Amino acid sequence: MTDRTAQPGRPAAAGLPEAAGADDGVRRDRQLQWLWRLLSFALVFAAWEVAGRIPISLAFPPFSETAVALVEMLFDGTLFAAYGETLRPLVVGLLLCGAMAVLFGVGMGLSETVEWFSLPIFIILQAAPMAAIIPLITFIYGIGFGAKVFAVMLMSAPIIVLNSYKGIRNTSPSLLEMSRSFMATRRQQIVKIILPHASGLIFAGLRLGAAAGVTGVVLAELLITPTGVGDLITYYRAVAEYPRMFASIASIIIFSSVTVTLLQRLEQTLFRPETRGPSGE
Amino acid sequence: MLNAVKTASEGEMPEMSQPIVEVRGIGKRYPGGVEALRDVSLDFPAGKLTTLLGPSGCGKTTLLKIIAGLIEPSSGEIYVKGKRTDGPGPERAFVFQDFALMPWATVLRNVAFGLELRGMPKRQREEIARRCIAEVNLAGFENRYPHELSGGMRQRVGLARALAVDADILMMDEPFASVDEQTRRKFQEDLLKLLEVEKKTVIFVTHSIEEAVYVSDQIVLLSPRPGTVSRIVRPALHRGGDVEELRRDKAYLDCVDEIWQVLKQYLA
Amino acid sequence: MTILGHRIPMMFSLLVWFALWEAIGRLDLVVLIPPFTDVIAAGVTMLPSKRFQDAIAISFSAFAIGMAFSVTTGVVLGVLMGRVKAIGELMGMWVNIFESSPLTAVIPVLMAVLGFGQATIITAVFLFSVWVIALDTQVGVKHVNPSLLEMGRSFGAGRFALYSKILIFAALPEILAGIRLGVIRGVKGVVIGQLLVAIIGVGELFELYSRNFLMEEFWALIVMLFAFAFAVSEAVGYVERRVAYYASTR
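As given, the protein sequences belong to chains E, X and R, one line each in that order. Residue 281 is where the first sequence ends in this note's numbering, and the numbering goes up by one at each step. Residue 549 is where the second sequence ends in this note's numbering, and the numbering goes up by one at each step. Residue 799 is where the third sequence ends in this note's numbering, and the numbering goes up by one at each step.
To be clear, the hints were calculated from the coordinates, so they are not data collected in a lab. Remember, it's a predicted structure, so these values are computed and weren't measured experimentally. Ideal Cβ positions, reconstructed from N, Cα and C, are used throughout, including at glycine. Don't take every hint at face value.
Counterexamples of contact, computed for chain R against chain E with all Cβ distances above 12 Å [said to hold, decoys possible]: (1) A572; (2) A613; (3) L698; (4) S759.
Which residues of chain E face chain R? A partial, calculated answer using Cβ under 10 Å [as the list claims (entries may be wrong)]: (5) E115; (6) I133; (7) T234.
In isolation and in its complexed conformation, chain E is listed as follows (with noise of 0.2 Å):
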């Protein structure tokens, strides 16, 4: 997958001391993101608006009554019931997946025999609609929490395991043959180049295993058993409070969006240093 986030490399500055001034623009650059930004935000919420006055269906609520069933259902407690039995299985099947996914990817990466029965699978299994397979999870695992954290794994897992790949294949040959012309054995290899190489990769693939994660507990609780989030949205439809229904599935993406934004920052900070490139790039 592309990952869109990888910034295009830093040019190199020349040890020098930055520029008189130079704070100024950086913090009028700012300025005017947040004025881009809440002009953005207006201008939707704004056509959600009228959308929802015209109407555009009865089931369409305006922006201002979702944003009101927000507001009451954050303080009354329903939203945080609701996600603290979505995010149970969510951290849980990230957690075991993440883990045994980065490790099998690795393994694929540095193994030729792993990797030839593997790689095929696992593309097949990226581009494969996954979610086919989840009415199936019931019979195995019934509709309590197991059937969840499988749903969660098995939408996840084929993405950790081709970026941790990806992260191991790609190390830069011009790295390698540096330690190989210091006599680095393949051990020192692995940890020392291939492995610190690889994590940026890694980390990447785990951020967006936990949307693809996300988007399996969701679609358990919509299919399988009613829980959490997707019970309020189920619910509020079959109740047609169409308001609240609508605030549920706004707060998903607002969690969604702000959870990848601070896994992307936390990402930008443990491997800004890195380039993708042996730093000669």
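Dock chains X and R against the given chain E, drawing on the hints supplied.
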């Protein structure tokens, strides 16, 4: 086999010491049929700077990497200090054209990397690394990261790393190709000053005639496709004088011109 | 992988997996997994049946229509976002948000507003795929070498010619990469949409098979879906590779 050795101009012939690296009958053919090198035999005298010079496609980088043990030759042998070798060794250190610095490590760690791989304790290797960093005029940048440095500074890190392992033989693959012209000139001068102190054998690859004549004790001209030794030139320059005056020395300019006449024929 | 000195291409490892599947099925290790050959047999029987073909037709047409919309919208939006700063700033945030959000959650809204029919599925396909196409198009457009456009203007090219003869081609590798990802997401959109709607297309079939525990048919359908997703993404990938020859020297 060895071609007749010619000097660039009359005057003192610099004394050539015992060869520390001997190349015998090296050939390299890639799968697919491309013959990069054919029957190359050379001696590299100890303590001197020998340059492999030629147009693109003459196999000079291939030859350098074979000597470094990073590429396997299809035929022939390499002898280092009299012993046959077929892989990298502690007596040889390589400086890469694209710097090959680990982007996630500080300058200090990068420079100490060769020693780290040997298992040297941290304090000891950092001490050596700091010394080498100072030698290449990068003192103060120990805790910076490669992406914070300019191209010229990154290459100095690569050089410091090669110096840190205290190898007898330094191999440099177009080390100044990725920096601007002014920095390049400064580097050449700095390299000469460094070698007066360090006394290593250097095998240098470049495609710049001026650079070759400026820094080298011995220049091996390679002709392309397949790479073979065409001539060996020993610029009879007066070293030990002003490093900057060298560029106006008549012997220097004559040598550059003579080499150009030879290499001109190889440009398609 | 080499056996007795012969390189075996990686694709053959799938045969090993199919053999494993067959073994698991024959040995009755997991009640859910019938032998691979039985699944193939079921698939072959299913193919000519009218119910199956209707379902596939519905699903495929929803996919095709949805993708047609999302590719055109996505590319146009991406070009606008890349070339017009205001649009890029205003839309950029939303495109990014939706590209990484679990849009599955939005499908119940579609069901409530658009009903339980094709409209919902087509919209689902559109929503799942349009964002990544727009984003990648934007990236491609932003990375176009300005010299190319200056060159075009210096030879008198008007705006339309600049966009259609230069810009699109210069950005094409990224656009195709985005379309390939969009196609994969589009297939997920059809499947998830129909799973939730459950009364049309393959969703209906899945419901039927799982309710009646027709595992051979179920897995046959899954295999077909997976093969379809893979085939479509590889088809786009093929076009991408055809274009790749100039990607690195732009």
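Structure-based check of each hint:
No beta-carbon of chain E is positioned within 12 Å of the beta-carbon of A572(R); the least distance is around 15 Å. For A613(R), the condition that its CB be more than 12 Å from all CB atoms of chain E holds, with the nearest at approximately 16 Å. No Cβ of chain E comes within 12 Å of the Cβ of L698(R); the nearest lies about 19 Å off, and the non-interface call holds. With a least CB separation of 5 Å from chain E, S759(R) falls inside the 12 Å interface cut-off, contrary to its annotation.
Look at E115(E): its Cβ gets to within about 8 Å of chain R, closer than 10 Å, so that hint holds up. Proximity of I133(E) to chain R holds as hinted, the smallest CB-CB distance being about 7 Å (cut-off 10 Å). Because the smallest distance between the Cβ of T234(E) and any Cβ of chain R comes to about 7 Å, under 10 Å, the interface hint for this residue holds.
The structure does not agree with numbered hint 4 stated previously, though it agrees with all others.
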